[in-house]
Each structure stands twice: as structure tokens, then as C-alpha cells.
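Enquirer: Take a look at the letters that make up each chain.
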Amino acid sequence: MNQEWVIEAEGLTKCFGAFVAVDHLSFQVKRGEIFGFLGANGAGKTTAMRMLCGLSRPTSGKGTVAGFDIYRQAEEVKKHIGYMSQKFSLYEDLKVWENLRLFGGIYGLKDREIAAKTTQMLQELNLEGERDALVRSLPLGWKQKLAFSVSIFHKPQVVFLDEPTGGVDPITRRQFWEMIYRAADQGITIFVTTHYMDEAEYCDRVSIMVDGRIKALDSPKNLRNQFQVPTMDDVFQRLAREAKRKGD
Amino acid sequence: MKAIYTEQLSKAYGRVQALDAVSFEVEPGEIYGIIGPDGAGKTTLFRILTTLMLADRGKAAVEGLDVVKDFKAIRRIIGYMPGHFSLYQDLTVEENLRFFATVFGTTIEANYRLIEDIYRQIEPFRQRRAGKLSGGMKQKLALCCALIHQPKVLFLDEPTTGVDPVSRKEFWEMLVRLKAQGISILVSTPYMDEAKLCDRIALMQGGRFLRVDTPPGIVGSFPYPLWAVQSKDMHRLLSDLRGYPHLRSSYSFGESYHVVLKPEGTPGDLKEYLSGEGHKEIEVGQIIPTVEDCFMLMLNEKEVL
Amino acid sequence: MRPFFSFVQKEFFHIFRDKRTMLILLGMPIIQMLLFGFAISTEVKNTKVAVFDPSKDASTRLIKERLQASNYFDLAEELTDPGQINDVFKDGNIGLVVVFSEGFASDLRHTGDASIQLITDGTDPNQASLITAYATGILTACQQELAGMAEVSGRIVPELKMLYNPQGESAYNFVPGVMGMILMLICAMMTSIAIVREKETGTMEILLASPMRPIQIILAKMAPYFVLSAVNLATILLLSAFVLHVPIVGNLGLLVAVSLLFIFLALSLGLLISNVVNSQMAAMLVSGMGLMMPVMLLSGLIFPIESMPEILQWISAIVPARWFIAAVRKIMIQGVEFHAVAKEVGILALMTGLLIAVSLKNFKTRLS
Numbered sequence: 000m001n002q003e004w005v006i007e008a009e010g011l012t013k014c015f016g017a018f019v020a021v022d023h024l025s026f027q028v029k030r031g032e033i034f035g036f037l038g039a040n041g042a043g044k045t046t047a048m049r050m051l052c053g054l055s056r057p058t059s060g061k062g063t064v065a066g067f068d069i070y071r072q073a074e075e076v077k078k079h080i081g082y083m084s085q086k087f088s089l090y091e092d093l094k095v096w097e098n099l100r101l102f103g104g105i106y107g108l109k110d111r112e113i114a115a116k117t118t119q120m121l122q123e124l125n126l127e128g129e130r131d132a133l134v135r136s137l138p139l140g141w142k143q144k145l146a147f148s149v150s151i152f153h154k155p156q157v158v159f160l161d162e163p164t165g166g167v168d169p170i171t172r173r174q175f176w177e178m179i180y181r182a183a184d185q186g187i188t189i190f191v192t193t194h195y196m197d198e199a200e201y202c203d204r205v206s207i208m209v210d211g212r213i214k215a216l217d218s219p220k221n222l223r224n225q226f227q228v229p230t231m232d233d234v235f236q237r238l239a240r241e242a243k244r245k246g247d
Numbered sequence: 000m001k002a003i004y005t006e007q008l009s010k011a012y013g014r015v016q017a018l019d020a021v022s023f024e025v026e027p028g029e030i031y032g033i034i035g036p037d038g039a040g041k042t043t044l045f046r047i048l049t050t051l052m053l054a055d056r057g058k059a060a061v062e063g064l065d066v067v068k069d070f071k072a073i074r075r076i077i078g079y080m081p082g083h084f085s086l087y088q089d090l091t092v093e094e095n096l097r098f099f100a101t102v103f104g105t106t107i108e109a110n111y112r113l114i115e116d117i118y119r120q121i122e123p124f125r126q127r128r129a130g131k132l133s134g135g136m137k138q139k140l141a142l143c144c145a146l147i148h149q150p151k152v153l154f155l156d157e158p159t160t161g162v163d164p165v166s167r168k169e170f171w172e173m174l175v176r177l178k179a180q181g182i183s184i185l186v187s188t189p190y191m192d193e194a195k196l197c198d199r200i201a202l203m204q205g206g207r208f209l210r211v212d213t214p215p216g217i218v219g220s221f222p223y224p225l226w227a228v229q230s231k232d233m234h235r236l237l238s239d240l241r242g243y244p245h246l247r248s249s250y251s252f253g254e255s256y257h258v259v260l261k262p263e264g265t266p267g268d269l270k271e272y273l274s275g276e277g278h279k280e281i282e283v284g285q286i287i288p289t290v291e292d293c294f295m296l297m298l299n300e301k302e303v304l
Numbered sequence: 000m001r002p003f004f005s006f007v008q009k010e011f012f013h014i015f016r017d018k019r020t021m022l023i024l025l026g027m028p029i030i031q032m033l034l035f036g037f038a039i040s041t042e043v044k045n046t047k048v049a050v051f052d053p054s055k056d057a058s059t060r061l062i063k064e065r066l067q068a069s070n071y072f073d074l075a076e077e078l079t080d081p082g083q084i085n086d087v088f089k090d091g092n093i094g095l096v097v098v099f100s101e102g103f104a105s106d107l108r109h110t111g112d113a114s115i116q117l118i119t120d121g122t123d124p125n126q127a128s129l130i131t132a133y134a135t136g137i138l139t140a141c142q143q144e145l146a147g148m149a150e151v152s153g154r155i156v157p158e159l160k161m162l163y164n165p166q167g168e169s170a171y172n173f174v175p176g177v178m179g180m181i182l183m184l185i186c187a188m189m190t191s192i193a194i195v196r197e198k199e200t201g202t203m204e205i206l207l208a209s210p211m212r213p214i215q216i217i218l219a220k221m222a223p224y225f226v227l228s229a230v231n232l233a234t235i236l237l238l239s240a241f242v243l244h245v246p247i248v249g250n251l252g253l254l255v256a257v258s259l260l261f262i263f264l265a266l267s268l269g270l271l272i273s274n275v276v277n278s279q280m281a282a283m284l285v286s287g288m289g290l291m292m293p294v295m296l297l298s299g300l301i302f303p304i305e306s307m308p309e310i311l312q313w314i315s316a317i318v319p320a321r322w323f324i325a326a327v328r329k330i331m332i333q334g335v336e337f338h339a340v341a342k343e344v345g346i347l348a349l350m351t352g353l354l355i356a357v358s359l360k361n362f363k364t365r366l367s
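Chains as they are written, first to last, in numbering that gives the first Met the number 0: chain A, 0 to 247; chain B, 0 to 304; chain C, 0 to 367.
Derived by calculation from the structure, the hints in this document are not laboratory data.
All residues carry an ideal CB built from backbone N, CA and C; glycine is no exception.
There's no promise every hint is true.
Stated by the list, open to error - Below, a list of computed lysine to aspartate or glutamate pairs in the EDC-like style, where the Cα atoms sit at most 20 Å apart:
#	chain 1	residue 1	chain 2	residue 2
1	B	K261	B	E271
2	B	K231	A	D203
3	B	K168	A	D203
4	B	K151	B	E115
5	B	K195	A	D233
6	B	K131	A	D210
Stated by the list, open to error - Label pairs and their calculated CB-CB ranges:
#	chain 1	residue 1	chain 2	residue 2	range
7	B	G104	A	I105	52 to 58 Å
8	B	A227	A	A132	36 to 42 Å
9	C	F15	A	E112	31 to 37 Å
10	B	V67	C	A240	55 to 61 Å
11	A	Q225	B	Q285	23 to 29 Å
12	C	P213	A	K86	27 to 33 Å
13	A	R30	C	M292	53 to 59 Å
14	B	T265	A	D131	44 to 50 Å
15	B	E24	A	K243	41 to 47 Å
16	C	F362	A	Q225	29 to 35 Å
17	B	Q285	A	R111	19 to 25 Å
18	A	E75	C	F362	52 to 58 Å
19	B	Q229	A	Q227	14 to 20 Å
20	B	R210	A	D184	35 to 41 Å
Just chain A, same shape as in the assembly (with noise of 0.2 Å):
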């Protein structure tokens, strides 16, 4: 295995009967790196994130995570790596201490290190206030904080992030990011999702998937100065627009 490489695909296919999901998709991503993973809705990114979390077994094709096979190593690559998606993040009707008592529990922390870690996170957040607050009770974007530093709570190799800032207020959504920043420093790759384009400007690389394809890949400059156009949401807007795939 490379080192350099935390995510590599290889031909990865994904089909449902005659439909091809995801269509050979190939790409590497460095560790350490903020990879934005857009498309349009149908595109297949669900069904790609998938098949990287273990989740899904590819139709053909090979893939790595964290240096284990996604098709026979699948338990080994769910416990290094973390995921986050804006539909469920954290128990609501669970406190958020007990929370992070469970997500560490889960990864099979000790006692004494996710009460360590629950303090520094908290106050990392500033949150003590609200150690023993139902999650219900929060608002979306510390919802949204929570549940990316629980998701990271294990130091995952990879963190996988599904639209994590939806609905959430500008200055809380710019927060969100400089925390993806400190965890990218820390050496956590982050692989992520999202709808804003202005984010995609914010990712190391980028990549663009149309109807089951990667269309393209390159930094976000790059990407701009290859179609001459000002924004990231340009590039998005001209390769989504040819998209054929359009009903499901």
C-alpha cells in the first residue's frame, strides 16, 4: 500500500440490476486532505460513500481505506473511520455527555479517556455549559459541531462527511469549517459532501461526479482556470447541466 494514499478506488462499480449506480470510478486521496466529493442529487455519491464506508459491496473493481480492502476487510475499515451525515448525527433524546459516553464506547475507549476527552471537547466547543443538555435541546449548528467532533472522537484515519452543513446559519457553517481545517491538520483525512459551492472553494481537491462518473477532479483553481469561468458553482453548473440521468 502507498502510504501516501488513504482512499484509493479502482474501477469501482456499483450496479442495481441494469442500473449502473456508480460507473468505474477511479481517484486516490491523500492523507491529510479536505476532498470535496460533489454532484448533483442521483449522481451516485450516496452509493460511492457507501461502498468506501463498508457499508455496500462494490459490483466490481477494488478499493482501499485507511490501508484495508473495502470488499473483505469491510469491519476492519468501519473502525477507522469516522462518519457524519446531516440525517442522523447524535441520539436526541440522549444527553450530550452520554453521547459521547456511547460513541466511545463504541470505538472501544476507555473509561478514563472518553471522560478526558469528553472535558477537553467540550470546552474545545464551548459547551460545558451544556454537558448534561438533551441533544434535542440545541441548536442545529452545535448540533452539526457535536456531532463532527464525536465523529472524530476515535482519531479516524478518514472521516467521512455527508452533507454536513445543510440548514445551518453562515457564521456556524464557517466555524464548522475551520474545525474541519484543525482536524485536516492533525492529519485526519476528510472526505465531504456538500451542496454549498462556496465549500467546494474551501476543499483541498475537488472532485465532480455526473451520472455515475468522476467528470473531474483537480484543486478548485485548477477547475476554474480549465473552464474559464470565475466559481466553483460555474464548473458545477456547466458539467451537471449535461448530466442524461435525470429521473431517479
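Based on these hints, arrange chains B and C on the given structure of chain A.
Expert: Chains B and C in isolation, oriented as in the chain A frame:
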């Protein structure tokens, strides 16, 4: 007569003040955008105006009809797309549309003209179940269902949340065409970039309207010069900017940081300071603020107060 | 009326397209009927009997013959040693062991008091007590017969006879119970789930904000489940008459009318549930636990109401299924006329009226 009129509308859930004395008016044939994050109170406002909920205090009227007294009459003339709403997943595209047409006492054929533009795009899939459509397609179908009875006022609560940028753009193009047909539209969104397509926008936070104006009006009222700052090492730039003593605010904005300086600071001085910190290829240029800049400034000043 | 019919049509689409649920709804009564009818039979039939008979005289022979002649018992084994009793139970085939005393006939003749032991497997106490009851019945008959032959004045023995169900066939008891359970489950649970589902998907908001009147929405939601319940009612009655051979003694029209009343009651109960809960999960729990448990335990389906503590008898009075099951038993098995079930029907009608009034009043034209 105003399409929508409210006066000091308030609503609380327990101790949470969801709406706090909101007063505004929507002119006939206007696209009025309510921009605000999750939890700002948008959905509560929509539910009161669509007669689904009673306000604690204040008055509201749609097309001159009172939301409490004349709720039955209002229900006949409005179209409503609730937030996070899904159509009947197990019915086909056509069945969904036909159902909503009959619920409103009309037929697809009678009002086809109004939805034709939009419906043509999903017509190839009309035998497909709604649950099998993509996000963008679902939004289009939902819009058709909300339009099928030729409403005078359209209420769209976060119609584009979770929808990709291309579908969002198409959706807004449709709204502009509907407006041309004389339909008044009240629409909410968490995406600031959609604001510029509205005739007027209200910035909403914590149950209050922080500001109401046209998009150029809002942008024009930004009280400070705004600077876009870039350097070779963007990561480090943010923390170094925060170390600059004459900085008022700095936010990442796509490829650059949008920076507001205190009166003592100048772009030249900032450049000097940054190169003293070891930055290369520093660029500082004045830019026109966006709605998002204005919104963040307001949020910040509210916190300071 | 067009919106209404269009709505009903939509509801049928929902039901038909969810094949699995529809199969459960239509298959459940069949399975329950067959299950209660054959598998969990509470009757005694062809129970294998082992006999230890050291006396071997005319009396014991007569008793053995009578046991064998009955439908309930089958003489399977003659034991030679009382020590074998334990073993035959362990083997599991034998349900009853009859142990005669030595010199049984002479004891009977001289002292009028011969000892006979009936041993059953106590691990299934219900079955065991049924077996002993039947066996005792046969023994008593034998005793009378023997007394007659020997011209000894017979003792008065209690006559065991079951009214309306001389064979003690359990199907007679459970058919009305299953009817009550199925109708309650389908009407109440499915209507409440169907309404709550619209709340979950957000479509209820659109419907409420439309000119459609709430009463139309409610009736349209109920209509398909009313039809489905009628189909189930027919299934149950047909199965019970032709497969389980439980005759419908009373007036079929009256039986159907009472059942339809009960269906209405269950539908309005479902509506009431949908008013107070907001998720399909909660609707299922409330109707499952809140309705099924009382129907199973307090309606007389499993435990006779007469043998309950008084307080439970009072509680059971508010369980609609209790009155329905009682009425069906009377009509279907005893074949009584309307006046004999007037009390039950009256109570059911009253409950229905009350429930409809409360749930209509509570059905909101707005969101809470």
C-alpha cells in the same frame, strides 16, 4: 390590496419565542424571500399564514382575508409546499398530480397551461412512483401539485433544501416565470445565494426580521468597505488575519477571505503586516458585498449588542 | 363528491401497493382461525391412556371398555408394574394413567368404595384438568351402570354436561373472540397508522391547507378499511362454518349488523388514536398494547369474565370487544333473537356514538 400582510405576529412554544412581533407586507406579483438558518422561525410563519396554526398575538391577512376568520376562503386561493415534505411515495407522478387536482376541486387538464413548463420536464416519468424520483424531480412535481389549482399566492417553505445547485437554479427559473403570470410568492431558503433572485428579502434570525429590503438595497447598505484577501497559504492566513490588531471581522468566502477593517486599518497596512508574518502572493482588493456578508454582519452586531 | 372518491381511490392504491401489509391483513384472520381451530385446541381427543389393572375383573374391564369407546381416549398400554408410570409419562405419548386398586370389584361391591387413581401430566395443567374431567365423567357413568347391574342403590352423582357445546369443542368459544380481535386490530390500528402516516410525510399539512373538509378526509381514510374489515368478516364466518364446522345457529343478518356496528366503533377508536399520536410507531404501540391486550385478556376470549376479580370485571366493562364477543356468542351459538342481545348492542352503540363525537371534536382543522 397586499398579497400578504402581517402586523406584530408572535408565537411561542413554551419558553421558545418562535416568532417575535413580525410585521411585513408582500405586494401582489412579488417574489418575497425569507432568508434565515434552521430554527429562525420561518416554518412557524408559514404555518400561520397558511391557516394551519394560530398566532398568539398579532394580525395576518392573505389577499385581504383574515387568517383566523376567513381560513376557509384562504385555503381555496393558496398553494403550499411545506418544508421536508414528501409526496405520496407509492403513487406515480401522474397519480399524485391528479389527486391534488381533485382535492382542490379541479382537473389537470383545466389548469395545464400553468404547469406545462414544469410538468413537461417530468412527464417522461409520469408512470414512475414518486419515491423513485431524484431530489430535483421531486421538487418539480411538488411545485406542480402546489400550482394545479391556480393559486393566487404560493407559499414555499425551503423548497430547495438538500437539492443540488443545478436543480436549484432550474427551480428558481421556474419561480421567476410564475411571477410573470401574476402569482405572488413567499419563499424561504437557507441558501443566501438564492436571495438575489427575489424582489425583496427579509433576513430572519431568532424569530425576528433583522432587515427587509431589495437585494441591491441590502447590499448597498453594507456600512464598511469590504476586502477580499488571498495569499499562498490560505490555511494559515485565517489565524494570521485574526492576529491583525485593526481587524473587525474576517470570514472565509470561497477562494478568499472577506475582511472588514477598523477605521485605523488600511489595506496597505494589512498587506505589510501579512508579509511580516511571512505570507507570499498576498492580494487585497475591494469587492462588492454579497447578501451573505450583510447577514453575517447583522448576526455579529446582534451578538455584540 | 369527486374529491372524496378520488381520495378513497388513493387510499386503495396505498393499500394495494403495499403487498406485504395487504397479505398480512387478509391472511391474518385465516391463520388465526386455523391456528385456534386446530393447533391450539383446548379439547381432548384420542388421548393415549395407560392402565395398571392388578384386579382384572368385570368392573375394571367395563371401565376400560367405556374409556376406549369414548372419542376422548385410546387405550394404549397395559402396565404390569406401578413403577412404569413415571417412564410412560417421560416417553411423552401417554396423557393419562388409570390405576385400579387390587380387588377393585369386590371393594366396590362390599364397601361401595373402590379406589381408582387418575394420574395426568401436570406440566400442562389446563389439558390435565380437562382430561381428568372427561375421565371422571366416564367413570361416574360406569359407576351408575355397575350399580344398576348389581342392583345396589346408586349414589347420587353430579351430572357433567356442557350446555350448547356438548362435545366441548373449543372452536365454539374462540370464533367470536377471533372476530373481535381481528376487526379491532385492522380497523383501529390500520386507520390510525394511515392517518398518522400523512402527518409524518407532511401531506397532512397540504390537505389541511386545502379546501377539503376534515370530515371528508376522515371518511375517505376510513372507507377502505371498512371494506377490508367486511372482507375479513366474511372470511371468518365462511371458515368457521365450512372448515371448523361451527354452525351459525342464529340470524345471520343480525350477526352481520352487530359486526358492522363493532367495525364502526373500532374505526372511530383508530381515529381517536391518530389524533393524539404523531408517529406511525406510536400509533402501532398504542393500538397494539392499548387495544390488543385488553381484547385478549379482558374480553372473555381467554379467561372467563365470571372468574375474574371484581375490579377486573368492572374494567372489562369498558372494553368494547367484551360486549361484542358476548353478543356474537349469543347470536351465533345460542341462536337468540335481538331482544336477548339488546343490552350488548345498546352498549356498543353508545360507545360508538361517544367515540365518534370525541374524535370528530378533536380532529383539528389546524396543526396543534
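Enquirer: The structure should be examined with respect to each hint, and the outcome stated for every one.
Expert: How the hints compare with the structure:
1. B:K261 <-> B:E271: The given pair, whose Cα atoms are some 16 Å apart, holds under the 20 Å limit.
2. B:K231 <-> A:D203: Roughly 13 Å between the alpha carbons, so the hint for K231 (chain B) and D203 (chain A) holds.
3. B:K168 <-> A:D203: At roughly 26 Å apart (the allowed maximum being 20 Å), D203 (chain A) and K168 (chain B) break the hint.
4. B:K151 <-> B:E115: Status holds; Cα separation ~17 Å.
5. B:K195 <-> A:D233: Satisfied, since the Cα-Cα distance of roughly 16 Å is no more than 20 Å.
6. B:K131 <-> A:D210: Answer holds: K131 (chain B) to D210 (chain A) is near 16 Å, not above 20 Å.
7. B:G104 <-> A:I105: 52 to 58 Å: Holds - the Cβ-Cβ distance for G104 (chain B) and I105 (chain A), about 54 Å, lies within 52 to 58 Å.
8. B:A227 <-> A:A132: 36 to 42 Å: Roughly 39 Å apart at Cβ, these two residues keep to the hinted range, so it holds.
9. C:F15 <-> A:E112: 31 to 37 Å: Hint violated: Cβ distance 55 Å, outside 31 to 37 Å.
10. B:V67 <-> C:A240: 55 to 61 Å: Since V67 (chain B) and A240 (chain C) have Cβ atoms about 57 Å apart, the given range 55 to 61 Å holds.
11. A:Q225 <-> B:Q285: 23 to 29 Å: holds (28 Å)
12. C:P213 <-> A:K86: 27 to 33 Å: holds (32 Å)
13. A:R30 <-> C:M292: 53 to 59 Å: holds (58 Å)
14. B:T265 <-> A:D131: 44 to 50 Å: Taking Cβ atoms as reference, T265 (chain B) and D131 (chain A) lie about 48 Å apart, which means the hint holds.
15. B:E24 <-> A:K243: 41 to 47 Å: holds (45 Å)
16. C:F362 <-> A:Q225: 29 to 35 Å: violated (60 Å)
17. B:Q285 <-> A:R111: 19 to 25 Å: violated (54 Å)
18. A:E75 <-> C:F362: 52 to 58 Å: holds (54 Å)
19. B:Q229 <-> A:Q227: 14 to 20 Å: holds (19 Å)
20. B:R210 <-> A:D184: 35 to 41 Å: Since R210 (chain B) and D184 (chain A) have Cβ atoms about 37 Å apart, the given range 35 to 41 Å holds.
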